[in-house]
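As a plain string of letters, each chain reads:
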Amino acid sequence: MLEIKNLVLAYGVNRVVRDVSFSVAKGEVFALLGPNGAGKTSILRAISGLVPAVSGDIVFEGKTLLRRRPHSIVLDGIAHVPEGRQIFPEMSVSDNLMVGATVHINNRARVRELEARCLELFPIIRERARQAGGTLSGGEQQQLTIARGLMADPRLLIVDEPTLGLAPAIINTVADSFRKLRDLGLTIIVAEQNADFALKVADHGAVLASGELSFSGSVDTLRDRDVLRRAYLGA
Amino acid sequence: MRFTLGKALVGAALAIGLAAGTTTAQAEDTYKFGGVFTLSGPASFLGLFEEAAVRLAVEQFMKGDCIVEAIPAQPCEGGGLKIGDKKIPIEWKAYDDVSEDKKSIDAVTRLVEQDGARAIWGPRMNSALLSASTILDPQKIISICAICSSPAMTVGRKYGHDITDTGVIEKHAIAAFISESPDKLKEHGIDPKLFEGRKKAAFIGRNELYTVHGSIGFQEGIEKGGKKYAYSHDDAVFYPFGTTDFAPYVAKIAEQKPDIVMMDAYIIPDMLAIMAEMKKQGLDFETGKVVLLGNDVLMLQYFVDEAKKVNISMSSGYVWGWQEHNPAQDPATLARVEKYVKIYNEKYGKTEVGTSSPFDRGAYDAGMWFLYGVQAAGTITDNDAIVKAWRGLKINGLRGPENGFFVRPDNGETTGQLFASEFIIGVKDDKVFYTGIKYRDELFYGAYVYGDKLPK
Amino acid sequence: MTAFVQQLIYGTSYGMNLAVAAAGLALIFGVYRVINLAHGQLIMLGGFATYVVTTQIGTHFFVGFFAAMAVMGLLGIALESTIFRILQARPATDQLLASLGVYMILGTVALRIWGDFEARPVNMPGEAWALHLGEDIRIDGARIVTIAITLALFIGLYFVVYRTHLGRTMRATAQGGETAELMGIRKRRVAALVFFIGGALGGSAGAMLGGLFNVRPDMGFQPLLMALIIIIFGGMGSLGGAIIAGLILGILYNLTVYYVGSKLGDLVPFGVLLIVLMVRPQGLFGLPGRRA
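If you're matching them up, the sequences are chains A, B and C in order.
Residue numbering for the first sequence follows our numbering, starting at 131 and increasing by one per position.
Residue numbering for the second sequence follows our numbering, starting at 89 and increasing by one per position.
Residue numbering for the third sequence follows our numbering, starting at 3 and increasing by one per position.
If you're looking for bench data, these hints aren't it; they were derived computationally from the structure.
Remember, it's a predicted structure, so these values are computed and weren't measured experimentally.
Ideal Cβ positions, reconstructed from N, Cα and C, are used throughout, including at glycine.
Mixed in with the good hints there might be a few duds.
[Stated by the list, open to error] Mimicking DSSO-like on lysine-lysine, the simulated pairs with C-alpha atoms at most 30 Å apart in a straight line are:
id : chain 1 : residue 1 : chain 2 : residue 2
1  : B       : K288      : C       : K265
2  : C       : K265      : B       : K345
3  : B       : K274      : B       : K516
4  : C       : K265      : B       : K312
5  : B       : K377      : C       : K265
6  : B       : K377      : B       : K526
7  : A       : K193      : C       : K189
8  : C       : K189      : B       : K315
9  : B       : K281      : B       : K312
10 : B       : K367      : C       : K265
11 : C       : K265      : B       : K190
12 : A       : K135      : C       : K189
13 : B       : K287      : C       : K265
14 : C       : K265      : B       : K316
15 : C       : K265      : B       : K368
16 : B       : K191      : C       : K265
17 : B       : K476      : B       : K120
[Claimed, not checked] Computed spacing ranges between beta-carbons, pair by pair:
id : chain 1 : residue 1 : chain 2 : residue 2 : range
18 : A       : P182      : C       : R191      : 45 to 51 Å
19 : C       : L279      : A       : P298      : 43 to 49 Å
20 : C       : I107      : B       : F521      : 40 to 46 Å
Just chain A, with the same shape it has in the complex (with noise of 0.2 Å):
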């Protein structure tokens, strides 16, 4: 579905990320693992649109992503959840769930459809629809931006960091929702450094480590302790 290749990524004249390819299957939860640094998220912002790729290729189903605008990578069916939550602090809850549905916000049907779905998948946005998205806890704000996400209606979800900061009890339901989240056919590419996390949710991973792919293979293969530290540490 998604093919990265030969990726080179750069700011300025430091690159950040060199030579990385992996690939991920339609309908499966693909890891992308590696410290603080290792160029994760440089990858995730690459794909939708928001870094220039120095050199290398980034293939969604058939169609390259390079040069393409944000927005038109939405249209795409590509959604991204950015690091640290970053919902819109002074907007109801129910009005950063409708950004999301920005991409076809003319649609109402299908608009009134993605927002049953949500609410279905998060009950919670229900209880605090009219509260400031500011408001809410770390473990409801990581919820909701994935339900923003969802909003959008996309095939593959970008996930970047979601356990960060937050408790192991809340941890536990995110992994949850991202259970739900492949039963419903999604694909979904989640950077961690919270390896135990990842491991959980996903079934295939990759491990870079100073900008450069350190493994890349089944998730069963990573449960070794040593192949996942020799992976991290680059040994």
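The hints should help you fit chains B and C onto chain A, whose structure is shown.
Relative to chain A, chains B and C alone:
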């Protein structure tokens, strides 16, 4: 090493000597003077015409085609100033200050230090003018302004020359007018009851030095006229630059319940806005509720026409002001003005400078007068001699015959202040007219004319 | 007492003018993060547009009014797409200076075209009558019309910003520009929209000032200055704050001029600015609720 250093020193000394030599040689070859004006930006309309008029004066002096005459007569043969047997070309250089004080002072310094100017025209802005005077006077550089209207040019200065009236002198005139006896008014065809029963005067102007001086002059004039009106400088209402809504300022005047309002503004949109608001707030000069006094801009025919466009009539008989330019000129002056206006308009009429108005005529007079003064001194370097010779000359100019400098009666000293006349003007049937009342000698009194230091 | 009420009325009408002037500035800053000093000249040019359409062509005031809004809206879009977009990645000071440059250029152009020597009246509804309360208090009809227009503009603006999806996209961009892009919001379209509405609000402020007073090349200066203080005072980017701060500032200004001294009116906005900055030391670029 030692040798090299010595050679370098000699070289440097030679270079300096050469440079000095060149300057001296040039100073003898040409007469240099320059100006600092606002030539671009929003206030350029206050600078372009003055620069244009002085430049025209220089060009005509070089061509030998002077329109005005000096008394006693001075030659205008062309080729430059006639000093002894020699003809010394005149070089004029002007800088743009973009309405900024700092740029003004920079330009003044550059003119003196780099361009070798012996006299400086401008700057106009009060704050820049003050600092320029303090720089120029100790260096014996002559400073001149033809539209400054500020006593800061001349009071306490040996080399400053103000070739127009000042905000103080003109207010002395209007205050003298409102203090006139009914008989005098009647004699000039003015309703003798115009000021009957009027007791309280008020003053409004933009917050700047010119209007502060104006208000003090107005108070001085009322006191000198026998205190027929209650007015104190403390009651003056000053609005800030950029005011759009004049309601609170006019309300503040209305609160004083005045019978006479002196509007010391010269920006036409300000004036129209104040007058419209006055009518709304019951200070009605169309019905005679108040008498409205204004300055030489209010008394321009052009302004009367503009006011009419916004349904303000100035013809009620209750609007009075002054002009520094005699509207009823003698035939010789009229002929000079006619010739000048033709040349000026052909040269500048279609440029951004625009067509001739009384203001550029004053600047042209001043330019000519000064050049005659330099010529009369017989030197281009000795500014003391030039000041003395210039102040001793009179001019048959575009503003009328025999214009001269004010001589202080207390010590017989000639000042750098134009001995300005003020002509009282009214409006009738939408036309400005000259009342026949004019003031001159009686206007020159007070700290702003005699003082060696200005009152705070 | 009557004098006090009278000054409240003048202050309210003046404050409303300022609030409209500030709303455009606040909207542009809130969403686009640029302090657009050129806004002052959009106010001025709005006045001239109204003068040309209403007075010179000879139409009803509201024809000129809406023409001014439309033309200034388009000028806003033009400024965004030619100048501010290029400078958006640069530091805020660069953008501020660039907008000051635009302010100067537009001012000089207007002065060259129209000059500052003429009466330029714009006939406005309500000019000929006034409402009298008791003996001494009067409310000019034109001022009532101005207040009504202002309220209508604010209601309309509130509706657009808080009750439409376009408004949602603007608010989302204001609160997190990049996240908004990830949600499929077109950054450039929002920018154009915001500059259009901002410019149109500036144009409407100019039309009203022109109707109340005289249209002139320097008429944008004081409203711009006051608008800057209003948006700091009212909370950067807040529309409700703009109208309340505008009212307070307008009334305070008038009362100070009347009761304290005419020369001191100018101290009011700066006094308010100082107090606001002292009480809220985060200042211009760091008010709470703003995300990096």
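- Message: Hints numbered earlier in the text: which of these fail when held up against the supplied structure?
- Response: Numbers 8, 18, in rising order.
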